[in-house]
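When we follow numbering that gives the first Met the number 0, the leftmost residue of the sequence shown carries the number 0, and every step to the right adds one.
Don't read these hints as lab results, they were simulated from the structure. There may be inaccurate statements among the hints.
Unchecked claim - Think about it this way: if two alpha-carbon atoms lie no more than 20 Å apart in a straight line, the pair counts; the simulated EDC-like pairs of lysine to aspartate or glutamate are:
no., residue 1, residue 2
1, K94, E208
2, K258, D224
3, K258, E268
4, K200, D232
5, K94, D210
6, K94, D80
7, K172, D263
8, K94, D263
9, K258, E60
10, K258, D210
11, K200, D224
12, K296, E104
13, K258, E208
14, K94, D224
15, K258, D276
16, K172, D131
17, K200, D276
To be verified - For each label pair, taking beta carbons as the anchor points, the in silico distance ranges come out as:
no., residue 1, residue 2, range
18, P107, G195, 20 to 30 Å
19, N173, Q235, 26 to 36 Å
20, Y290, D263, 48 to 58 Å
21, D102, E199, 44 to 54 Å
22, E103, E199, 35 to 45 Å
23, E55, A213, 27 to 37 Å
24, K172, P107, 23 to 33 Å
25, Q9, N109, 41 to 51 Å
26, A293, M0, 23 to 33 Å
27, S93, R209, 47 to 57 Å
28, K172, D65, 42 to 52 Å
29, N85, N269, 24 to 34 Å
30, E55, G168, 46 to 56 Å
Everything numeric in this text was worked out from a predicted model, so none of it was measured. The C-beta atom is built at its ideal place from N, Cα and C for all residues, glycine as well.
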Amino acid sequence: MSIIFECEYQGRRYAGHGLPVSGSPLTLYPVADGQLQAALVAGRGPEDLRSAVAGEDGRIEVDPGDAGLRFLPPLLPTASDNALINGFMGTHRSKFDRAPEPDEEFTPPNYYIKGFGSWLRLPDEPLTTPADPVWLLEEPEVVLVYANDDQGVPHYAGYTFGNDLNDIGLHLKNPWAWTPYAKLCETSITPWLFLGTPPEKVTGSVTIERDGTAAWQGGFSCGADSIFHRIPDMAQYLFSYPLLRRPGLVNYLFLGADKATYHDGFRIENGDRMVIDVSSHGVVLANEVRYGAAAPK
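Put together the whole structure using the sequences plus the hints.
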């Protein structure tokens with residue numbers, strides 16, 4: 000499958016192909032902020048993104064472990080904050096007591112807005128939560144990436160993976176009113192943009208590390224075959240709202256998660272490290288949990 004990424008190195012923005020391999024240099028191609036987004040909306044779809052990452056002029060090779068190399072969320076426009084983190088809740092089949100009927104009428108799942116795209120964190124960056132969370136929950140999810148053209152038409156770019164860390168304990172105290180507060184934890188995402196249709200099968204494992212050892216471990220699934228709703232229906236319904244079709248908007252759409260630590264009675268604590276190994280796709284997303292400072296009186 001085709002994969003592209005964007006990064007910053009020595010004050011410039013670059014893009015490249017594939018996943019980093021330890022001991023092998025990354026080939027990077029200079030790109031301008033918004034160049035790949037423009038290629039997507041002007042072309043025929045995700046594969047035009049792949050062909051836009053090419054050329055000899057300015058091409059460099061960099062060690063993946065170079066301290067000056069910083070990866071970026073896919074297509075994130077850094078010149079503006081015209082990007083949105085949002086998603087669906089309660090979509091996973093493990094949260095239903097039946098399988099969907101083949102021609103079942105679509106009922107929109109619950110929806111949330113998490114924040115601006117610039118709030119996204121990358122692998123190995125800490126995720127900040129409120130100072131006194133009730134019960135934290137990691138959520139490994141497929142993240143669809145869309146970019147709107149100048150007329151506000153959404154163009155699907157591809158998918159990546161994220162961790163929608165949230166305070167499920169607060170959510171459950173008052174699901175109809177406090178969910179927006181429960182979502183106010185930082186969110187992480189992998190920088191690798193997979194240029195294919197939303198994946199049918201995604202599997203992996205979550206390990207919660209405490210003091211350098213594994214304190215909890217469990218498996219997860221989050222592909223289309225694990226979701227109760229049909230992904231095209233979910234996307235079509237969401238983009239029926241004009242505010243999500245603002246020209247130039249980049250949309251990071253989280254599709255929902257499997258049951259995880261909370262459902263096993265495990266509590267994530269300050270300083271724990273969440274390691275999401277998406278083994279089916281060869282990527283790992285690891286972030287440390289940090290309780291935020293209390294608000295000043």
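Now for the hints, and whether the structure bears them out:
1. K94 x E208: 26 Å, violated
2. K258 x D224: Holds, because 15 Å separates the two Cα atoms, which is no more than 20 Å.
3. K258 x E268: 18 Å, holds
4. K200 x D232: 18 Å, holds
5. K94 x D210: 32 Å, violated
6. K94 x D80: 34 Å, violated
7. K172 x D263: 18 Å, holds
8. K94 x D263: Roughly 14 Å separates the two Cα atoms, so the pair holds.
9. K258 x E60: 41 Å, violated
10. K258 x D210: The given pair, whose Cα atoms are some 24 Å apart, is violated under the 20 Å limit.
11. K200 x D224: Holds, at roughly 6 Å.
12. K296 x E104: Given that 20 Å is the threshold and the Cα spacing comes to 50 Å, the pair is violated.
13. K258 x E208: Roughly 18 Å separates the two Cα atoms, so the pair holds.
14. K94 x D224: This hinted pair holds, its Cα atoms lying about 14 Å apart.
15. K258 x D276: 16 Å, holds
16. K172 x D131: Holds, because 15 Å separates the two Cα atoms, which is no more than 20 Å.
17. K200 x D276: Holds: K200 and D276 sit about 14 Å apart, inside 20 Å.
18. P107 x G195: 20 to 30 Å: Once the Cβ atoms are compared, 25 Å apart, the range 20 to 30 Å for G195 and P107 holds.
19. N173 x Q235: 26 to 36 Å: Because 30 Å falls inside the window, the suggested range holds.
20. Y290 x D263: 48 to 58 Å: 22 Å, violated
21. D102 x E199: 44 to 54 Å: 19 Å, violated
22. E103 x E199: 35 to 45 Å: At roughly 18 Å between Cβ atoms, E199 and E103 fall outside 35 to 45 Å, so the hint is violated.
23. E55 x A213: 27 to 37 Å: Given a distance of about 46 Å, which is not inside 27 to 37 Å, the answer is violated.
24. K172 x P107: 23 to 33 Å: 24 Å, holds
25. Q9 x N109: 41 to 51 Å: Cβ of Q9 to Cβ of N109: about 44 Å, so the range 41 to 51 Å holds.
26. A293 x M0: 23 to 33 Å: 45 Å, violated
27. S93 x R209: 47 to 57 Å: About 25 Å separates the Cβ atoms of S93 and R209, which means 47 to 57 Å is violated.
28. K172 x D65: 42 to 52 Å: Given a distance of about 46 Å, which is inside 42 to 52 Å, the answer is holds.
29. N85 x N269: 24 to 34 Å: 27 Å, holds
30. E55 x G168: 46 to 56 Å: 54 Å, holds
In the structure shown, a violation is registered for the earlier hints numbered 1, 5, 6, 9, 10, 12, 20, 21, 22, 23, 26, 27, in ascending order.
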